[in-house]
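2 protein chains.
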Amino acid sequence: MSDQEMKIKAIGKVKSAYDKHDGTPIQANYETSNEASLLIDPEYREGLEGLAGFDRIYVICWLDRSKPYKLSVIPYLDDEAHGLFTTRAPSRPNPIGLSLVKILSVDVKEGIIRIEGIDILDNTPILDIKPYIPDFDVFPDSKSGWYEKAKGKRLKADNRFSK
Amino acid sequence: MSDQEMKIKAIGKVKSAYDKHDGTPIQANYETSNEASLLIDPEYREGLEGLAGFDRIYVICWLDRSKPYKLSVIPYLDDEAHGLFTTRAPSRPNPIGLSLVKILSVDVKEGIIRIEGIDILDNTPILDIKPYIPDFDVFPDSKSGWYEKAKGKRLKADNRFSK
Numbered sequence: 497m498s499d500q501e502m503k504i505k506a507i508g509k510v511k512s513a514y515d516k517h518d519g520t521p522i523q524a525n526y527e528t529s530n531e532a533s534l535l536i537d538p539e540y541r542e543g544l545e546g547l548a549g550f551d552r553i554y555v556i557c558w559l560d561r562s563k564p565y566k567l568s569v570i571p572y573l574d575d576e577a578h579g580l581f582t583t584r585a586p587s588r589p590n591p592i593g594l595s596l597v598k599i600l601s602v603d604v605k606e607g608i609i610r611i612e613g614i615d616i617l618d619n620t621p622i623l624d625i626k627p628y629i630p631d632f633d634v635f636p637d638s639k640s641g642w643y644e645k646a647k648g649k650r651l652k653a654d655n656r657f658s659k
Numbered sequence: 497m498s499d500q501e502m503k504i505k506a507i508g509k510v511k512s513a514y515d516k517h518d519g520t521p522i523q524a525n526y527e528t529s530n531e532a533s534l535l536i537d538p539e540y541r542e543g544l545e546g547l548a549g550f551d552r553i554y555v556i557c558w559l560d561r562s563k564p565y566k567l568s569v570i571p572y573l574d575d576e577a578h579g580l581f582t583t584r585a586p587s588r589p590n591p592i593g594l595s596l597v598k599i600l601s602v603d604v605k606e607g608i609i610r611i612e613g614i615d616i617l618d619n620t621p622i623l624d625i626k627p628y629i630p631d632f633d634v635f636p637d638s639k640s641g642w643y644e645k646a647k648g649k650r651l652k653a654d655n656r657f658s659k
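Those protein sequence lines, which keep their order, are chains S and W. Sequence positions in the first sequence follow our numbering and run 497 to 659. Sequence positions in the second sequence follow our numbering and run 497 to 659.
Calculated from the structure, these hints are not laboratory results. Idealized CB from N, CA, C, for every residue including glycine. Keep in mind that the hints are not guaranteed to be accurate.
[As the list claims (entries may be wrong)] In silico lysine to aspartate or glutamate, EDC-like type, Cα no more than 20 Å apart, as pairs:
1) W:K563 to W:D618
2) S:K647 to W:E501
3) S:K659 to S:E531
4) S:K509 to S:E539
5) W:K505 to S:D537
6) W:K652 to S:D631
7) S:K645 to W:D618
8) S:K566 to W:D631
9) S:K566 to W:D537
10) W:K647 to S:D551
11) S:K505 to S:D537
12) W:K639 to S:D631
[As the list claims (entries may be wrong)] If you anchor each label on the Cβ, the simulated ranges turn out as follows:
13) W:E539 to S:A577: 16 to 22 Å
14) S:N655 to W:D551: 29 to 35 Å
15) S:F635 to W:S658: 36 to 42 Å
16) W:N655 to S:E606: 33 to 39 Å
17) W:D515 to S:F635: 25 to 31 Å
Okay, chain S solo, but in the shape it has when bound:
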């Protein structure tokens, strides 16, 4: 398959209080007091049927305000450089973001998913939503490399990955 055939489109957009990286929570669960919404376009809303039965979803976004990637980066959470694919830095060969968020409510007809805690900028295009299912997704004892020493060093983003 050639790259030309891999075309993506937004199915909606994020509505959040953040319009720049600086000061945005680094991870969705770092600031659960913030509310945000996912606004889903009319043609896709039927696909939300039943989502209110889930507590959490993965939100896959196109991080449109990230600067070009480098393969070795100092992530928000550490002071040392690490391989890009060991980080969740927003500047990536494909700037695809993965956020795990808690659902507060789902309005299928209006296409509004209210969520708790968001690490994504306002107006970011949404590409996909997938259910979080503990049987598939929970592995508490997984080693997490450099992060194990760095955890808690920093809670907010700055502009290091901004356009």
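Could you slot chain W onto chain S? The hints should help.
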């Protein structure tokens, strides 16, 4: 941002024993005896530095052999229809797959990540790799809607979402 600007490219491809959906494990952790590999293109390999310190990664793929989506689907795991975004069915507005897999070894120089258990077809384009970090990703008590009743009904895929 217009859709035209959202261009993606493969950073590598999956090497797995499966070349059709029929018989493929539905989730990566449903068949951990299978080995597979992620082959990363030379220009991106430096980004794998340090990945061997992690147990698990999210692999984001372009599910190139999925047929066009419907918004109400009967997922592999159930006998009833559910909203597409409550399922991980491969036919989606953007056919982006999210697989959580266990790392067996990482060869940065050769660009080979050996993994345990895979639910992805051979030669599937890889778009991104992200580290699994329990502090961000583990929420064991999350409700999971229709899945809670359906779990265990079926372990292998069939061709319902195939081109």
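Problem set entry | Agreement of K566 of chain S and D537 of chain W with the hint, judged by alpha carbon distance not exceeding 20 Å | holds, 15 Å
Exercise. Does 29 to 35 Å hold as the CB distance between N655 of chain S and D551 of chain W, or does it fail?
Worked result: Cβ of N655 of chain S to Cβ of D551 of chain W: about 32 Å, so the range 29 to 35 Å holds.
Exercise. Keeping to a limit of 20 Å between CA atoms, is the pair of K639 of chain W and D631 of chain S held or broken?
Worked result: holds, 11 Å
Exercise. Taking 20 Å as the top limit, are the C-alpha atoms of K563 of chain W and D618 of chain W close enough?
Worked result: Holds, at roughly 17 Å.
For this session: Would you check the hint for K652 of chain W and D631 of chain S, treating anything up to 20 Å between C-alpha atoms as holding?
Result: Holds, at roughly 16 Å.
For this session: Compare the distance between the alpha carbons of K659 of chain S and E531 of chain S with 20 Å, and conclude whether the hinted pair is satisfied.
Result: violated, 25 Å
For this session: Given the hint that K509 of chain S pairs with E539 of chain S, test it: the Cα-Cα distance must not exceed 20 Å.
Result: The hint holds at about 14 Å.
For this session: Measure nothing beyond the straight line between the CA atoms of K505 of chain S and D537 of chain S; if it is 20 Å or shorter, mark the hint as holding.
Result: It holds: about 11 Å lies between the C-alpha atoms, which stays within 20 Å.
Problem set entry | Distance restraint hint 36 to 42 Å, applied to the beta-carbon atoms of F635 of chain S and S658 of chain W | violated, 29 Å
Exercise. Does the hinted range 33 to 39 Å hold for N655 of chain W and E606 of chain S at CB?
Worked result: With a Cβ separation near 35 Å, N655 of chain W and E606 of chain S satisfy 33 to 39 Å, so the hint holds.
For this session: Take a quick look at whether K647 of chain W and D551 of chain S sit within 20 Å of each other, Cα to Cα.
Result: holds, 17 Å
Exercise. Given the hinted pair K647 of chain S and E501 of chain W, is their alpha-carbon gap at most 20 Å?
Worked result: Distance ~35 Å between K647 of chain S and E501 of chain W Cα, so the pair is violated.
When the structure is compared with the earlier hints, violations turn up for hints 2, 3, 5, 7, 8 and 15 and for no others.
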